[in-house]
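Put chain B on the given structure of chain A with help from the hints.
Residue numbers (our numbering), protein chains in the order written: chain A, 1 to 258; chain B, 1 to 324.
No lab work stands behind these hints: they were computed from the structure.
Computed from a predicted model, the values in this text were never measured in an experiment.
Ideal placement from N, C-alpha and C gives every residue a C-beta, glycine not left out.
There may be inaccurate statements among the hints.
[As the list claims (entries may be wrong)] The list that follows gives simulated cross-link-like pairs (lysine to aspartate or glutamate, EDC-like), each with its CA atoms no further than 20 Å apart:
1. B/42 to A/3
2. A/178 to A/144
3. A/64 to B/43
4. A/178 to A/221
[Said to hold, decoys possible] Label pairs and their computed distance ranges (CB to CB):
5. A/134 to B/102: 39 to 45 Å
6. B/268 to A/137: 49 to 55 Å
7. A/134 to B/56: 23 to 29 Å
8. B/96 to A/149: 31 to 37 Å
9. A/157 to B/152: 24 to 30 Å
10. B/186 to A/38: 36 to 42 Å
11. B/186 to A/93: 56 to 62 Å
12. B/102 to A/141: 24 to 30 Å
13. A/209 to B/152: 48 to 54 Å
14. B/49 to A/179: 43 to 49 Å
15. B/297 to A/23: 43 to 49 Å
16. B/60 to A/92: 26 to 32 Å
17. A/134 to B/197: 55 to 61 Å
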Amino acid sequence: MVEIDNDRTPTVVADEAHIIYRVQQGGGTNSSPLASFKRMVTGSKGGNIREVHAVKGVSFVAYKGEAIGLIGTNGSGKSTLLRAVAGLLPVSKGAIYAAGQPSLLGVNAALMNELPGDRNVELGCLAMGMSPAEVAAKKQEIIDFSGINDKGDFSSLPMRTYSSGMGARLRFSIAAAKEHDVLLIDEALATGDAKFRKRSEQRVRELRGQAGTVFLVSHSEQSIRDTCDRCIWLEAGTIRADGPTADVMKEYEAYTRR
Amino acid sequence: MLNSVTSHQASDSAVPSGPTRSEHDPMPETAVAPADSGLSLKELARRNGLSASGRLPSLPEYTRQLLAYRHFIQAHASAKMSSALGNTKLGAVWQVLTPIFNAGVYYVIFGLVLQTHKSMDNFVAYLCIGVFVFQFTQSVVQSGTNAITSNLGMIRALHFPRASLPLSAALVEIRNFLVATVVLLGIVLLTGEPITVKWLLLLPLLLLHSFFNVGLGMFMARYGSKVRDVKQLIPFIMRFWLYGSAVLYPVTQFESLLSGWQLQIVEANPLLIFIELARSALLDNVVLANPPAVLWIQATVWSLVVGIGGFVYFWRGEKGYGRG
Numbered sequence: 001m002v003e004i005d006n007d008r009t010p011t012v013v014a015d016e017a018h019i020i021y022r023v024q025q026g027g028g029t030n031s032s033p034l035a036s037f038k039r040m041v042t043g044s045k046g047g048n049i050r051e052v053h054a055v056k057g058v059s060f061v062a063y064k065g066e067a068i069g070l071i072g073t074n075g076s077g078k079s080t081l082l083r084a085v086a087g088l089l090p091v092s093k094g095a096i097y098a099a100g101q102p103s104l105l106g107v108n109a110a111l112m113n114e115l116p117g118d119r120n121v122e123l124g125c126l127a128m129g130m131s132p133a134e135v136a137a138k139k140q141e142i143i144d145f146s147g148i149n150d151k152g153d154f155s156s157l158p159m160r161t162y163s164s165g166m167g168a169r170l171r172f173s174i175a176a177a178k179e180h181d182v183l184l185i186d187e188a189l190a191t192g193d194a195k196f197r198k199r200s201e202q203r204v205r206e207l208r209g210q211a212g213t214v215f216l217v218s219h220s221e222q223s224i225r226d227t228c229d230r231c232i233w234l235e236a237g238t239i240r241a242d243g244p245t246a247d248v249m250k251e252y253e254a255y256t257r258r
Numbered sequence: 001m002l003n004s005v006t007s008h009q010a011s012d013s014a015v016p017s018g019p020t021r022s023e024h025d026p027m028p029e030t031a032v033a034p035a036d037s038g039l040s041l042k043e044l045a046r047r048n049g050l051s052a053s054g055r056l057p058s059l060p061e062y063t064r065q066l067l068a069y070r071h072f073i074q075a076h077a078s079a080k081m082s083s084a085l086g087n088t089k090l091g092a093v094w095q096v097l098t099p100i101f102n103a104g105v106y107y108v109i110f111g112l113v114l115q116t117h118k119s120m121d122n123f124v125a126y127l128c129i130g131v132f133v134f135q136f137t138q139s140v141v142q143s144g145t146n147a148i149t150s151n152l153g154m155i156r157a158l159h160f161p162r163a164s165l166p167l168s169a170a171l172v173e174i175r176n177f178l179v180a181t182v183v184l185l186g187i188v189l190l191t192g193e194p195i196t197v198k199w200l201l202l203l204p205l206l207l208l209h210s211f212f213n214v215g216l217g218m219f220m221a222r223y224g225s226k227v228r229d230v231k232q233l234i235p236f237i238m239r240f241w242l243y244g245s246a247v248l249y250p251v252t253q254f255e256s257l258l259s260g261w262q263l264q265i266v267e268a269n270p271l272l273i274f275i276e277l278a279r280s281a282l283l284d285n286v287v288l289a290n291p292p293a294v295l296w297i298q299a300t301v302w303s304l305v306v307g308i309g310g311f312v313y314f315w316r317g318e319k320g321y322g323r324g
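The following block holds chain A by itself, in its conformation from the complex (with noise of 0.2 Å):
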């Protein structure tokens, strides 16, 4: 099914994957105890355990040097592809491969809303592993990036009270400050006023610059024309097309006017 370039160094090779994920949901249709109970006894899942297969057999080889849009339309399973091939999320079935540790660079980085952004910042890098010596280099450069506080001292301030757009802001910078192998990035481009997106663009230019692959998930379809060679299409979990952007593009936007 999957072409491979014998010529060319693959870094991230999938596998007939599949992914299914679990959600716990409070108040289903048929909460009451009974029917739990009902459940129980006849063992079947339903209730508040659904199973969402939001990857249904996906094969692709991605080469070094390449920069990949992942495109589809909103729940097609693109941010969660990304995920699994970041490791983050299991595979269920078939397999994901790649070179190195894959980063994926997403906004919704869950941070802790109670502390002020700089321990954010040093609880970020950590957790990417980074020395202390290093985070303890990066810190202020980070915030600088972030430019949260270009209006006033926003960075010795809890989360919580930090804009939407500010949030953002900080979690990309954060993400942001590291070098990567594989680079995936969900949407992060969207974050942010104008003047923080052209920001962020430059930066993740140069990420790819330094990254063996990037893969770029966005709705945004001129950013995607402007970083990447090639497209994958993924609707409702399996592979619709993948090849040059400028193809593929043409047979999205063709489905997406339907």
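Same frame as chain A, but now just chain B:
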């Protein structure tokens, strides 16, 4: 993928295999079989030294990774501590006030109102030691159970050895227990016990108990992430454990009520052992269920079994925690 294609073409009785099939393939331009190379994707990955995302590292490798993340574990523990108390006016003072109030409640009820066990000298100190030591394990179990489930956002976003989370949860409780121990020593002194060399025994005891608790916390973290319902049961399990650990009454009551294997089971209770050892270290003349030497051996065995067992159990599930 190949299989799924063949199944779509089920009507095609003789499905051609290998290179020729790409011509029959109904899929778009991407659908080209691994023609001349004949290399499977798995083999391709292996040849280029790619490792499976979500591969489970070996136990020594995992331990090393965890060690490299010690700064994160510390920072996470401190962050959690300050964020938990960040909304209160007194802040870190609560770390000292909580154990004092805890002891105060028991002192008022059992020491002043009920005046139970008048026959025992220094029942208040006896009681407080039990309460504090038990509280240590209880809070580790509670925070360990939530260690994975309450940090799913972080787990799904960042890469780090997941054992950092139950470890940092246990570290918070170890720090709390250290403060509580200082309060406890004050209570013991106020109730008229002398300072002796035996107090030094608290250090190895703390080490063993912490090791035990870390293992237990890790076990609960994985178990709680798999079976969420367990969180609802924990208050009852812990209360049952509390009554079985001779915290609120003298340990000698078991001996007068139980015998044979029943007594042996009760006396093998690890928390009872830790509490007994703490009492024997701090109190002058105290009745123990077993001689201290036996208790120390039991405590060491429990710590090693639960500490290592809990860690191995948690490590086995390392790659599944993101699933939720």
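To see whether the hints hold, each was checked on the structure:
no.: 1; hint: B/42 to A/3; result: 14 Å, holds
no.: 2; hint: A/178 to A/144; result: 15 Å, holds
no.: 3; hint: A/64 to B/43; result: 18 Å, holds
no.: 4; hint: A/178 to A/221; result: 26 Å, violated
no.: 5; hint: A/134 to B/102: 39 to 45 Å; result: 41 Å, holds
no.: 6; hint: B/268 to A/137: 49 to 55 Å; result: 52 Å, holds
no.: 7; hint: A/134 to B/56: 23 to 29 Å; result: 28 Å, holds
no.: 8; hint: B/96 to A/149: 31 to 37 Å; result: 35 Å, holds
no.: 9; hint: A/157 to B/152: 24 to 30 Å; result: 26 Å, holds
no.: 10; hint: B/186 to A/38: 36 to 42 Å; result: 55 Å, violated
no.: 11; hint: B/186 to A/93: 56 to 62 Å; result: 59 Å, holds
no.: 12; hint: B/102 to A/141: 24 to 30 Å; result: 45 Å, violated
no.: 13; hint: A/209 to B/152: 48 to 54 Å; result: 33 Å, violated
no.: 14; hint: B/49 to A/179: 43 to 49 Å; result: 20 Å, violated
no.: 15; hint: B/297 to A/23: 43 to 49 Å; result: 47 Å, holds
no.: 16; hint: B/60 to A/92: 26 to 32 Å; result: 28 Å, holds
no.: 17; hint: A/134 to B/197: 55 to 61 Å; result: 45 Å, violated
Hints 4, 10, 12, 13, 14, 17 from the earlier list are contradicted by this structure; the remaining hints agree with it.
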